[in-house]
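Engineer: Below, each chain spelled out in residue letters.
There are 2 protein chains.
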Amino acid sequence: MKALGKHLLLELKGCDKEVLNDVGFLREALLAAAGGARATVLGESFHQFSPQGVSGVVIIAESHLCIHTWPEYGYAAADIFTCGNSVRPEKAAEIIVRKLGSKDHSIIEMRRGILDT
Amino acid sequence: MKALGKHLLLELKGCDKEVLNDVGFLREALLAAAGGARATVLGESFHQFSPQGVSGVVIIAESHLCIHTWPEYGYAAADIFTCGNSVRPEKAAEIIVRKLGSKDHSIIEMRRGILDT
Numbered sequence: 001m002k003a004l005g006k007h008l009l010l011e012l013k014g015c016d017k018e019v020l021n022d023v024g025f026l027r028e029a030l031l032a033a034a035g036g037a038r039a040t041v042l043g044e045s046f047h048q049f050s051p052q053g054v055s056g057v058v059i060i061a062e063s064h065l066c067i068h069t070w071p072e073y074g075y076a077a078a079d080i081f082t083c084g085n086s087v088r089p090e091k092a093a094e095i096i097v098r099k100l101g102s103k104d105h106s107i108i109e110m111r112r113g114i115l116d117t
Numbered sequence: 001m002k003a004l005g006k007h008l009l010l011e012l013k014g015c016d017k018e019v020l021n022d023v024g025f026l027r028e029a030l031l032a033a034a035g036g037a038r039a040t041v042l043g044e045s046f047h048q049f050s051p052q053g054v055s056g057v058v059i060i061a062e063s064h065l066c067i068h069t070w071p072e073y074g075y076a077a078a079d080i081f082t083c084g085n086s087v088r089p090e091k092a093a094e095i096i097v098r099k100l101g102s103k104d105h106s107i108i109e110m111r112r113g114i115l116d117t
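Quick mapping for you: the protein sequence lines, in order, are chains A and B. For the record, in the first sequence the residue sitting at position 58 is 58 according to my numbering, with numbers rising by one throughout. For the record, in the second sequence the residue sitting at position 70 is 70 according to my numbering, with numbers rising by one throughout.
The hints are simulated quantities; they were obtained by calculation from the structure and are not laboratory data. It is possible that some hints are incorrect.
For chains that are exact copies, the list does not tell them apart, and a pair is met inside one copy or across any two.
What the hints assert, rightly or not - Capping the alpha-carbon separation at 25 Å, the derived lysine to any residue pairs in SDA-like fashion look like this:
#  : residue 1 : residue 2
1  : Lys-2     : Arg-27
2  : Lys-103   : Phe-25
3  : Lys-17    : Ala-61
4  : Lys-2     : Glu-28
5  : Lys-103   : Leu-42
6  : Lys-2     : Phe-49
7  : Lys-2     : Gly-14
8  : Lys-2     : His-105
9  : Lys-103   : Leu-115
10 : Lys-17    : Arg-88
11 : Lys-2     : Gly-53
12 : Lys-2     : Ala-32
13 : Lys-13    : Glu-109
14 : Lys-99    : Gly-113
15 : Lys-91    : Gly-113
16 : Lys-91    : Pro-51
17 : Lys-99    : Met-1
18 : Lys-17    : Gly-84
19 : Lys-103   : Gly-14
20 : Lys-13    : Arg-111
21 : Lys-17    : Ala-32
22 : Lys-13    : Leu-31
23 : Lys-2     : Lys-17
24 : Lys-103   : Gly-113
25 : Lys-17    : Arg-38
26 : Lys-103   : Leu-4
27 : Lys-13    : Asp-116
28 : Lys-91    : Met-110
29 : Lys-91    : Gln-52
30 : Lys-2     : Ile-107
Just so it is clear, the structure is predicted and the values come from calculations on it, not from any experiment.
Just chain A, same shape as in the assembly:
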């Protein structure tokens, strides 16, 4: 069963709360994850919220990575959506989990674009 895209949904609990509110750190983490996945970065958009929280997206030639954080709960949701066989989304997931210091994480894999053809 062939799918056009692989989509990893990361639930990241028990993260380092300071890190979750540091937009510069999170930007570097997502770019490092994209690099680790051997993805080609095309664009990005990051936002720091007040009083806390960060949202960020990195568009890659192979789709995207994104993150939304809730420092008050030590929680972040991250998504890694890739297509093609040249990238390593699991490596990106590993980097994000480690950089956020998550003590309790889960990853759901969704296959996107399962076509009849």
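Please arrange chain B on chain A, whose structure you already have, making use of the hints.
Structural biologist: For chain B alone, kept in the frame of chain A given last:
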């Protein structure tokens, strides 16, 4: 069971192929969807691929909307990730399905950030 975020994963088949390769149209469609959802747009990043295909993300104060298209298959994957009770993600989904002219779509809802607290 309270969740911090609601994440809709749209599988859009049987779409208008010309529309799926029109970055300007898709940008307007995602912004219209964000507006329909009563979300606050903070940033965006859209890319046209060669020979075909578009990727785009709109960051909103309530999380993000994104789309990846495969015109050659008449297929698009779209995600609508929102938090809070002031937004209407289902309305955004309805707008995207309609604007892409999808004749065969499905929507999966994932709840993100289900915490013990």
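Engineer: Quick one: which hint numbers does this structure break? Sort them smallest to largest.
Structural biologist: 1, 4, 5, 10, 12, 16, 17, 25, 29
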